[in-house]
Amino acid sequence: MNTINYLNIGNIINYSNNIFEFNLNKANILNNIKYTYNINAKYYTIRRFKNVAGIEIFFEQFWINPSYIDFGIITKEVNQNFILQNRFVFFDKKIITIDKIEEIGVSTETIFPNILNKVFYPYEYVNMTLNIPINGDIKVNGEFIFNDTTQSITNSFSYSLIRAVIIPFIPDEYSEIVKYLTSISRTRTLKEQRRPISDLPLLEITYNKKLRESDLDKFINIVEYGQGKVLVCPITSENFTPSSTLNSNQIIVNQNLNNYFFIDYVNYLIIIDEQNQDNYFFSEITSVDKTTNTIYIKNIINKTFNKPIIFLANLFMYKDFNIEQQDYKTYNMTLGVSSYVGK
Amino acid sequence: MLVNNINTTLTSASYNIFKLIPTKTQYLISYRNIQDVVSFLGTRTVVNQLARKGKIIEMEFFLSSDVERFYLLDFFRQVRGNVGGFWLPVYASDIRFYDYDANNNTQFIVYHNNLFKSFLGYEHLVYYNPNDYSLTVRKIQSIVEIDSNFEKVILEDTILNLTKDTNLHKLIYGRFLDSDLQIQYKTTAQDKYIASAVLKFIELPEEGVLQ
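Protein chains in written order, with the working numbering: chain R, 1 to 343; chain Y, 1 to 211.
Here chain R stands alone, though its shape is the one from the complex:
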């Protein structure tokens, strides 16, 4: 993580039970333009009062920053840093003690071994590492006790990491936009000076698909769950057919891989059965051999396909989603996503 920006009051997105969730203004921080981070922060206020102007002022706070991250954590174990901090306005004997920790979805010995019963003095913080396993979402629930000279209050907190959502489907029509960030200016003699800002292209894909009424719920659920998260979508212009049976961690394809553009950029692969598109397999690409047209993947394929199509895939940010009725029991779905591509 490069920067953590502290929040201002104007960005409250959720307000209930003394828990304030804030959305950072600079929510999308591009780190080496490879992944898109979506960083929110959450703080738990213990006491608030109104000033003479009637404006609520929060002055006793416990922060978890960031509290919620969407990050490319699909098939790898990732160590994710985050911060717990006791942020008081007034330096008083206001102490927070972590009282209870519950870990959901955390596989091995990972977090919070040191902070149970830890005492946080004002402005004291702990920078911790959360080891994220390969499967499942992670949630950490806990309780902390706020100790004052006059009282002690117990409050609960939570910290969650949610995985990217895979959207495996074959669209009817689609369009790709490959975009390079560039800068064009003119000199005094009106000659152009042009330079690229990024070596990595931005890829935007818009998918269109005709839906029957029976497919409607499935796509609405997928996209509503994926809203605001990182989606793993197939790059549908880069598809292959296998020339051998799919039962190992290597795939030999019929196509000449030298002709494929995004294979140099992307890390992931989705195999979808064309006849039954609910049947899919997803894995990380470990290496590509262009001379033998072989793609090596991390996991062994454990599914059978009638008519498999192999798509390259990438992490995309959700952009827009629209379903409109076209005629009786037919719907038109449009899903737009965008991402920088690059290893």
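Worth flagging that the hints you see were computed from the coordinates, not collected in a lab.
Just so you know, these numbers come straight off a predicted model, no measurement behind them.
Every residue, glycine too, gets a C-beta built ideally from N, C-alpha and C.
Certain hints may be false.
Here are some, though not all, of the chain Y residues that point toward chain R, as calculated from beta-carbon distances under 7 Å [claimed, not checked]:
| # | residue |
| --- | --- |
| 1 | ASP66 |
| 2 | VAL67 |
| 3 | PHE70 |
| 4 | ARG80 |
| 5 | ASN82 |
| 6 | VAL83 |
| 7 | LEU177 |
| 8 | LEU181 |
| 9 | GLN182 |
| 10 | GLN184 |
| 11 | TYR185 |
| 12 | LYS186 |
| 13 | PRO205 |
Straight-line C-alpha distance at most 20 Å; calculated EDC-like pairs for lysine to aspartate or glutamate [claimed, not checked]:
| # | chain 1 | residue 1 | chain 2 | residue 2 |
| --- | --- | --- | --- | --- |
| 14 | Y | LYS164 | Y | ASP132 |
| 15 | Y | LYS200 | R | GLU204 |
| 16 | R | LYS218 | R | ASP278 |
| 17 | R | LYS179 | R | ASP320 |
| 18 | Y | LYS55 | R | GLU192 |
| 19 | R | LYS179 | Y | ASP74 |
| 20 | R | LYS191 | Y | GLU68 |
| 21 | R | LYS179 | Y | ASP178 |
| 22 | Y | LYS117 | Y | GLU68 |
| 23 | Y | LYS164 | Y | ASP101 |
| 24 | Y | LYS186 | R | GLU274 |
| 25 | Y | LYS24 | Y | GLU68 |
| 26 | R | LYS303 | R | ASP273 |
| 27 | R | LYS307 | R | ASP278 |
| 28 | R | LYS290 | R | ASP264 |
| 29 | Y | LYS186 | R | GLU173 |
| 30 | Y | LYS117 | Y | GLU206 |
| 31 | R | LYS191 | Y | ASP101 |
| 32 | Y | LYS152 | Y | ASP99 |
| 33 | R | LYS179 | Y | GLU68 |
| 34 | R | LYS179 | Y | GLU60 |
| 35 | R | LYS319 | Y | GLU145 |
| 36 | R | LYS290 | Y | GLU58 |
| 37 | Y | LYS164 | Y | ASP94 |
| 38 | R | LYS191 | Y | GLU207 |
| 39 | R | LYS290 | Y | ASP66 |
| 40 | R | LYS179 | R | GLU204 |
Keeping the supplied structure of chain R fixed, place chain Y upon it in accordance with the hints.
Showing chain Y alone in chain R's frame:
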């Protein structure tokens, strides 16, 4: 469709010719917007004498195979969107061959199309042979008007095997107008998609002279 062989006398070490052949070409008459300067006293001074005019040309491409699609994407990556300049054959600028000059085989006569007026001085001549998908490139020295029916094109090197009613084209220097490349796919059937891209190019005469 892709040009697969280029016979050229371009000598610059870094020459780069766009090889994809469009299905449709269209000139946009809106020339590059040259800035006007408003002086201190409010008088408007036009400064477009400093830069020569460059056309904006729109072309539509059908990408019928992976090879063509890969070529376009890779070319776009090489020039980094609208940053890098390259040579662009404009297949719409028709120069219709009439006859060789009897005295000099670097000169030939073409039908009158006001070429001598639009010639900026740096362009090349391109002959596309559809039989072997080859492109022949020669530098134009000058174009002069003979009468109301014919003009004479003077090249720096010879160009042979032209027949009557051959269409010749201009090769201009330019770049992509936009920093993004949009490809539309109509179907996803394996190896049967119909992909198309509409691209805009802008001519850069000042840089073409330097090449």
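Okay, the hints, checked on the actual structure:
Of the supplied interface hints, the one on Y:ASP66 holds, with its beta-carbon coming within about 4 Å of a beta-carbon of chain R, less than 7 Å. A distance limit of 7 Å between C-beta atoms decides the matter here; for Y:VAL67 the minimum to chain R is near 6 Å, and the interface restraint holds. For Y:PHE70, the interface hint holds, the least distance from its beta-carbon to any beta-carbon of chain R being 5 Å, beneath 7 Å. Of the supplied interface hints, the one on Y:ARG80 holds, with its beta-carbon coming within about 4 Å of a beta-carbon of chain R, less than 7 Å.
Taken as an interface hint, Y:ASN82 checks out: its beta carbon lies about 6 Å from the nearest beta carbon of chain R, inside 7 Å. Among the interface hints, the one on Y:VAL83 holds; its C-beta lies about 5 Å from the nearest C-beta in chain R, closer than the 7 Å criterion. Hint status for Y:LEU177: violated, given a least beta-carbon distance of 10 Å to chain R, over 7 Å. Taken as an interface hint, Y:LEU181 checks out: its beta carbon lies about 5 Å from the nearest beta carbon of chain R, inside 7 Å.
Annotation: interface hint on Y:GLN182 holds; nearest CB of chain R at approximately 5 Å, less than 7 Å. The interface hint given for Y:GLN184 is met, as the beta carbon of that residue sits about 5 Å from the closest beta carbon of chain R, less than 7 Å. Residue-level restraint check for Y:TYR185 holds (minimum Cβ-Cβ distance to chain R is 5 Å; threshold 7 Å). A hinted interface residue such as Y:LYS186 counts as satisfied when its beta carbon comes closer than 7 Å to some beta carbon of chain R; here the least separation is about 6 Å, so the hint holds.
With a least beta-carbon distance of about 11 Å to chain R, the hint placing Y:PRO205 at the interface is violated under the 7 Å criterion. Simply put, Y:LYS164 and Y:ASP132 have alpha-carbon atoms about 19 Å apart, close enough for the 20 Å limit, and the pair holds. For the hint linking Y:LYS200 to R:GLU204, the alpha-carbon distance of about 19 Å falls within 20 Å, and the restraint holds. This hinted pair checks out: R:LYS218 and R:ASP278 have alpha carbons roughly 10 Å apart, not beyond 20 Å.
With a C-alpha separation of about 18 Å, the suggested pair R:LYS179 and R:ASP320 falls inside the 20 Å cut-off, and the hint holds. Restraint check for Y:LYS55 and R:GLU192: satisfied, since their Cα atoms lie roughly 15 Å apart, inside the 20 Å limit. Only pairs whose Cα atoms come within 20 Å are accepted, and R:LYS179 paired with Y:ASP74 is accepted, the gap being roughly 13 Å. Straight-line distance between C-alpha atoms of R:LYS191 and Y:GLU68 comes to about 33 Å, which puts the hinted pair past the 20 Å bound.
With a C-alpha separation of about 9 Å, the suggested pairing of R:LYS179 with Y:ASP178 holds against the 20 Å cut-off. A C-alpha spacing of about 35 Å is found between Y:LYS117 and Y:GLU68, which places the hinted pair above 20 Å, so the restraint is violated. Using a Cα cut-off of 20 Å, the hinted pair Y:LYS164 and Y:ASP101 holds, with the two alpha carbons roughly 13 Å apart. A C-alpha spacing of about 17 Å is found between Y:LYS186 and R:GLU274, which places the hinted pair at or below 20 Å, so the restraint holds.
The suggested pairing of Y:LYS24 with Y:GLU68 holds, with an alpha-carbon distance near 16 Å, which does not exceed 20 Å. About 10 Å separates the Cα atoms of R:LYS303 and R:ASP273, which keeps this hinted pair within 20 Å; it holds. At most 20 Å may separate the alpha-carbon atoms for a hinted pair to count; R:LYS307 and R:ASP278 meet this at roughly 13 Å. Proposed proximity of R:LYS290 and R:ASP264 is supported: the alpha carbons are some 11 Å apart, at most 20 Å.
Distance hint between Y:LYS186 and R:GLU173 is fulfilled; the C-alpha atoms sit about 5 Å from each other, no more than 20 Å. For the given pair, Y:LYS117 sits about 17 Å from Y:GLU206 by alpha-carbon distance, which is consistent with the 20 Å threshold. Only pairs whose Cα atoms come within 20 Å are accepted, and R:LYS191 paired with Y:ASP101 is rejected, the gap being roughly 39 Å. For the hint pairing Y:LYS152 with Y:ASP99, the CA-to-CA distance comes to about 10 Å; that is within 20 Å, so the pair holds.
With a C-alpha separation of about 19 Å, the suggested pairing of R:LYS179 with Y:GLU68 holds against the 20 Å cut-off. Distance restraint check for R:LYS179 and Y:GLU60: the Cα-Cα separation of roughly 18 Å lies within the 20 Å cut-off, and the hinted pair is therefore satisfied. For the hint pairing R:LYS319 with Y:GLU145, the CA-to-CA distance comes to about 57 Å; that exceeds 20 Å, so the pair is violated. For the hint pairing R:LYS290 with Y:GLU58, the CA-to-CA distance comes to about 35 Å; that exceeds 20 Å, so the pair is violated.
Between Y:LYS164 and Y:ASP94 the CA atoms are separated by roughly 13 Å; this keeps the pair inside 20 Å, and the hint holds. Between the alpha carbons of R:LYS191 and Y:GLU207 the distance comes to roughly 9 Å, so the proposed pair stays at or under 20 Å and holds. Restraint check for R:LYS290 and Y:ASP66: satisfied, since their Cα atoms lie roughly 15 Å apart, inside the 20 Å limit. Restraint check: the Cα-Cα separation between R:LYS179 and R:GLU204 comes to about 8 Å, which is no more than 20 Å; the hinted pair holds.
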